[in-house]
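Visitor: Spelled out, the chains give:
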Amino acid sequence: MDKFADDTDRKLCIIVSKGTLDGAYPSLIMANAALAEGIETHLFFTFWGLDVITEKKMGHLPVTPVGNPSMGMPQAVAPMPGMATVATKMMKKKIHDLDVPDIEEFVEMLSDMGAHLWACRMTVDMLDLDEGDFHESVEAVISAGDFIEMSEGAQLLFT
Amino acid sequence: MDKFADDTDRKLCIIVSKGTLDGAYPSLIMANAALAEGIETHLFFTFWGLDVITEKKMGHLPVTPVGNPSMGMPQAVAPMPGMATVATKMMKKKIHDLDVPDIEEFVEMLSDMGAHLWACRMTVDMLDLDEGDFHESVEAVISAGDFIEMSEGAQLLFT
Amino acid sequence: MDKFADDTDRKLCIIVSKGTLDGAYPSLIMANAALAEGIETHLFFTFWGLDVITEKKMGHLPVTPVGNPSMGMPQAVAPMPGMATVATKMMKKKIHDLDVPDIEEFVEMLSDMGAHLWACRMTVDMLDLDEGDFHESVEAVISAGDFIEMSEGAQLLFT
Chain A
8 MDKFADDTDR KLCIIVSKGT LDGAYPSLIM ANAALAEGIE THLFFTFWGL
58 DVITEKKMGH LPVTPVGNPS MGMPQAVAPM PGMATVATKM MKKKIHDLDV
108 PDIEEFVEML SDMGAHLWAC RMTVDMLDLD EGDFHESVEA VISAGDFIEM
158 SEGAQLLFT
Chain B
8 MDKFADDTDR KLCIIVSKGT LDGAYPSLIM ANAALAEGIE THLFFTFWGL
58 DVITEKKMGH LPVTPVGNPS MGMPQAVAPM PGMATVATKM MKKKIHDLDV
108 PDIEEFVEML SDMGAHLWAC RMTVDMLDLD EGDFHESVEA VISAGDFIEM
158 SEGAQLLFT
Chain C
8 MDKFADDTDR KLCIIVSKGT LDGAYPSLIM ANAALAEGIE THLFFTFWGL
58 DVITEKKMGH LPVTPVGNPS MGMPQAVAPM PGMATVATKM MKKKIHDLDV
108 PDIEEFVEML SDMGAHLWAC RMTVDMLDLD EGDFHESVEA VISAGDFIEM
158 SEGAQLLFT
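Residue numbers (this note's numbering), protein chains in the order written: chain A, 8 to 166; chain B, 8 to 166; chain C, 8 to 166.
One should not assume that every hint holds.
Intra- or inter-copy, both count: the list cannot distinguish identical chains.
[Unchecked claim] Simulated pairs of lysine-lysine, DSS-like, Cα-Cα distance not exceeding 30 Å:
id	residue 1	residue 2
1	K100	K63
2	K64	K18
3	K18	K100
4	K96	K18
5	K64	K99
6	K63	K99
7	K63	K101
Calculated directly from the structure, the hints in this document are not laboratory data.
From a predicted model like this one, the values you see are computed outputs, not experimental measurements.
Sequences are here, hints too, so could you generate the full structure?
Guide: Set out below in structure tokens:
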């Protein structure tokens, strides 16, 4: 599967801690760019980031204008029913129009390119999940200690 | 105190900028994992992250479902009085059930393991605080420049 | 322009993904500290972070207490009309009182100190912007791949 990876001695380890569209995409896009450069790339999904690789959730990651004034919606309106759905649809459409794959397809693509995907043991225990709940491209559930060990010599991103 | 630190030549510098439970724990957990691997570990608390080491606040870090659709509560309900309290209690219980220490105990444990804890000078001035307001394990209030200097050769995380 | 940069062999690459005052300032402050130490410094503005270098927006970056319980305002009150304006004014005043420049002045100062500022191609396309929409200190619109290439050997921060 490592079509692209391991062409350089660079290594990139990305900790993904958010489960929203605008939280997840930057990680995936950076991972994709790194893999295309032949960089060994690891993604460690923790806290809300676990949603990005959870079968039942990865197809439905939301985005909300609540608490994000950058989206340009008044905060008095943003929490109203339906607003998050509208914002999510709009962002999905914009991303789709740029030919950027949706989350599930993106995760599969990264895995095909040689990315290593890991789920955080502590979060898995906290949410009462198990290995079967994750996308098949996830290699294993590992501890923060395992992740720290494998990140030796890597550039790190916490997203 | 350096029971674990300095067994390798790795160095990890974590900038902690958030003062919520879900913002703070990932930093503390990564620091703990790094220290257990013998990695020299520094935490620089800045902006809202300063709450994590402020005596009066560290015992009461909140978490809110507002603006975080990953928590599964409708955004029209999330801002209602009491909801943040419920969410905070639930997360604290889940963390406690995993035998993960509460924030104050965790900060003390990291310090005992050899972590170096620093408060950001600019934020301290912005909030009209002084050194006496922080947990005793904080070594000093330092500038961003001091932090950049000490991070030479380190892996960085901004959380 | 490189009055300060390139005095060491260190390199810092900061990905700026947020467009709020409390999201943007930590990046700018770290960049400033790094430049003062003679470190080659790159800032890559992506997603909401693009607002920080967009001519029409950089003077009006907001901050909101919504979803940020660290600001101490009840979440039932925070979304009310006017609250974000009050919070933004208060933070701007506090930052001004510390003699920290406002966003536009800060971006210019960083550029004068030798910082390299880049806009993310994908976000630019997503928001239907073009090069003319950005502050003149922005060197170019580049892809995530270009950014990954230029970050070889750098310390990374994702803010």
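Visitor: Take the hints in turn and mark each one as holding or not.
Guide: Cross-check of the supplied hints:
1. K100 to K63: both (21 Å within a copy, 25 Å between copies)
2. K64 to K18: within (28 Å within a copy, 36 Å between copies)
3. K18 to K100: The answer is neither: 32 Å in one copy and 37 Å across copies each exceed 30 Å.
4. K96 to K18: neither (34 Å within a copy, 39 Å between copies)
5. K64 to K99: both (15 Å within a copy, 24 Å between copies)
6. K63 to K99: both (18 Å within a copy, 25 Å between copies)
7. K63 to K101: both (23 Å within a copy, 21 Å between copies)
Of the numbered hints stated above, those contradicted by the structure are hints 3 and 4, listed in ascending order.
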